[in-house]
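Asks: Spelled out from the first residue to the last, the chains are:
Protein chains: 2
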Amino acid sequence: MSAFEFYTDDIKQDMGAVDNYIKRALKTHQRLLSDVINQLAGSGGKRLRPLMVILSSRFGDYKRDEIINLAAAIEILHMATLVHDDIIDDASIRRGEPTVQSRWGKNVAVFTGDFLFSTVFSLLSKEVSFDDLYEVSRVVKRICEGEVDQYQQRYNTTVSVRSYLRRIRHKTADLFALSCVIGAKRANCSKTVYNALKNFGTDFGMVFQIIDDILDFEGRQEELGKPAGADFEDGVYTLPLIYALDTDYRMPLLNVLSKGGYDTHDVETVKAMVKASGGIERARATAQNFADKAAEDLRPLPDNEYKRIMLAILDESVERRY
Amino acid sequence: MSAFEFYTDDIKQDMGAVDNYIKRALKTHQRLLSDVINQLAGSGGKRLRPLMVILSSRFGDYKRDEIINLAAAIEILHMATLVHDDIIDDASIRRGEPTVQSRWGKNVAVFTGDFLFSTVFSLLSKEVSFDDLYEVSRVVKRICEGEVDQYQQRYNTTVSVRSYLRRIRHKTADLFALSCVIGAKRANCSKTVYNALKNFGTDFGMVFQIIDDILDFEGRQEELGKPAGADFEDGVYTLPLIYALDTDYRMPLLNVLSKGGYDTHDVETVKAMVKASGGIERARATAQNFADKAAEDLRPLPDNEYKRIMLAILDESVERRY
Numbered sequence: 015m016s017a018f019e020f021y022t023d024d025i026k027q028d029m030g031a032v033d034n035y036i037k038r039a040l041k042t043h044q045r046l047l048s049d050v051i052n053q054l055a056g057s058g059g060k061r062l063r064p065l066m067v068i069l070s071s072r073f074g075d076y077k078r079d080e081i082i083n084l085a086a087a088i089e090i091l092h093m094a095t096l097v098h099d100d101i102i103d104d105a106s107i108r109r110g111e112p113t114v115q116s117r118w119g120k121n122v123a124v125f126t127g128d129f130l131f132s133t134v135f136s137l138l139s140k141e142v143s144f145d146d147l148y149e150v151s152r153v154v155k156r157i158c159e160g161e162v163d164q165y166q167q168r169y170n171t172t173v174s175v176r177s178y179l180r181r182i183r184h185k186t187a188d189l190f191a192l193s194c195v196i197g198a199k200r201a202n203c204s205k206t207v208y209n210a211l212k213n214f215g216t217d218f219g220m221v222f223q224i225i226d227d228i229l230d231f232e233g234r235q236e237e238l239g240k241p242a243g244a245d246f247e248d249g250v251y252t253l254p255l256i257y258a259l260d261t262d263y264r265m266p267l268l269n270v271l272s273k274g275g276y277d278t279h280d281v282e283t284v285k286a287m288v289k290a291s292g293g294i295e296r297a298r299a300t301a302q303n304f305a306d307k308a309a310e311d312l313r314p315l316p317d318n319e320y321k322r323i324m325l326a327i328l329d330e331s332v333e334r335r336y
Numbered sequence: 015m016s017a018f019e020f021y022t023d024d025i026k027q028d029m030g031a032v033d034n035y036i037k038r039a040l041k042t043h044q045r046l047l048s049d050v051i052n053q054l055a056g057s058g059g060k061r062l063r064p065l066m067v068i069l070s071s072r073f074g075d076y077k078r079d080e081i082i083n084l085a086a087a088i089e090i091l092h093m094a095t096l097v098h099d100d101i102i103d104d105a106s107i108r109r110g111e112p113t114v115q116s117r118w119g120k121n122v123a124v125f126t127g128d129f130l131f132s133t134v135f136s137l138l139s140k141e142v143s144f145d146d147l148y149e150v151s152r153v154v155k156r157i158c159e160g161e162v163d164q165y166q167q168r169y170n171t172t173v174s175v176r177s178y179l180r181r182i183r184h185k186t187a188d189l190f191a192l193s194c195v196i197g198a199k200r201a202n203c204s205k206t207v208y209n210a211l212k213n214f215g216t217d218f219g220m221v222f223q224i225i226d227d228i229l230d231f232e233g234r235q236e237e238l239g240k241p242a243g244a245d246f247e248d249g250v251y252t253l254p255l256i257y258a259l260d261t262d263y264r265m266p267l268l269n270v271l272s273k274g275g276y277d278t279h280d281v282e283t284v285k286a287m288v289k290a291s292g293g294i295e296r297a298r299a300t301a302q303n304f305a306d307k308a309a310e311d312l313r314p315l316p317d318n319e320y321k322r323i324m325l326a327i328l329d330e331s332v333e334r335r336y
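Residue numbers (the numbering used here), protein chains in the order written: chain A, 15 to 336; chain B, 15 to 336.
Bound conformation, chain A alone (with noise of 0.2 Å):
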């Protein structure tokens, strides 16, 4: 995501910030998970979860310090759950780098998530309440709760939409809203900013992850850097998938995902069934309902530089194609 051109000068420096202060907050004597942590944290992605944290906090009594530990704690956080859920994923490439447990094994793999995950405690022991921890601890359990319900939903052509929906909340939407609420509770914000704030994250999340599911579909690996069509070679059922066997395509579906594991071909059909069925389509007029509805979420707000940004990010998420 290309946001950077619309970034104003003190995000920018802010987003720097950050960026250091998670270099600095995962040093480690032990060499080998040194390497794997610079890895990870040198590789990039697109920092929108401490980019959420940032803005929000600007909607009040903006401390700075403050603010950039939480916005690493929550990057760190997003990193720990990406690690594990490669393991799980079993994926070889990710931000166009080799993944932790291709290139080090799942065993390096555990351990560097269970790394990141205290290091995301002891952070926000310094600087939040017990019950931001508490709700920290609540968002993590339900990020686990939907990959342990995504991981048993495999291979479930029956999988309703609603059920999808309920997963990507959990898995996905939750640390979004989270990283839109922790930072504007420390910057005392009022309660209909925090409420506006917390609908936001949720709302964008949830674009967020229907896009994200959509280009498993029609993206290029060269462009996601990752393999395309990952998921439902998994038994990962997704939403344009989940519409599209919700069509005429559905035996022709079935016939093939019925199959025990898929060869090349077998992808490329399933894809392009999904593609015929018009589920891409209706899963982009999803993604775009929740865009709207997250949009009118802000609305609330005071009209400022902040507000902009996330409305540009907004737009850019629904548009993104990688």
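Quick caveat, the hints were computed from the structure, so don't treat them as lab data.
Certain hints may be false.
Which copy? The list can't say, so a pair holds if one copy fits it or any two copies do.
To be verified - Think about it this way: if two alpha-carbon atoms lie no more than 20 Å apart in a straight line, the pair counts; the simulated EDC-like pairs of lysine to aspartate or glutamate are:
1) 120 / 248
2) 41 / 163
3) 41 / 245
4) 26 / 75
Following the hints, position chain B against chain A.
Replies: Just chain B, lined up with the frame of chain A:
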């Protein structure tokens, strides 16, 4: 460990309360996760760490409800590390039951561990100070570093006693030390008592892990609840083998160890050589040294029933055969 026989009634009651508290704390509506956790929480284990929390706190102003919360959090933290540890070790049996990963797959095991970790922090957010929380995160980081160290040192036949001792301190002893101090701090113990308990926890943890590593060579699966000889098969060389490599058995041992994979015969050969070399006795003497030191650590504490239980557990730990 049949420690129950010398527990006082109040300790028995409090340990029962910890068990109930753990079950309540780990409730989730995600059915699979709930099944996994019930198996884990139900499969027993020695509950030594929460016991240390409770016993240590008795040397100060014992606030029962708070201490039971802390004791439960520490046991759940231990459960989390076990679940992730089993992924690393590719373990199929633990506490006489199939491991989470062998029964439900590595994927479920990763997120079960994460769920447990986040529960720890949500419990701690109710009772501890931020200093304690920072301390818990630091111990978890240490455990991760210890585990990655161990992984990185696999098949290293030049591993030193010193580096082995450092590794087990991080991997095991630091959590016992934390168990002894987290409650003691809450109970407002004096600095002298606090330090005595911290040293005891560390030394006790060293004894515990060295004996565990000895049993990996001489224990039997039926007694251990897990296959014996599993560590060196994975290239993890522990104290008895490190000592054996320092004897005339070095060359014949290296002959077997340098093979890629080991068959049953190789495993038995290595075990027999380690025994014949005196490596086990020497490791047992090292454990005894730590046990003597642990008993000495407790000297500043008043002679009461709780100190007697601690000493009895220490004795049993040196003598245990499973």
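Asks: Among all the numbered hints in the text so far, which are the ones the structure does not match?
Replies: 3
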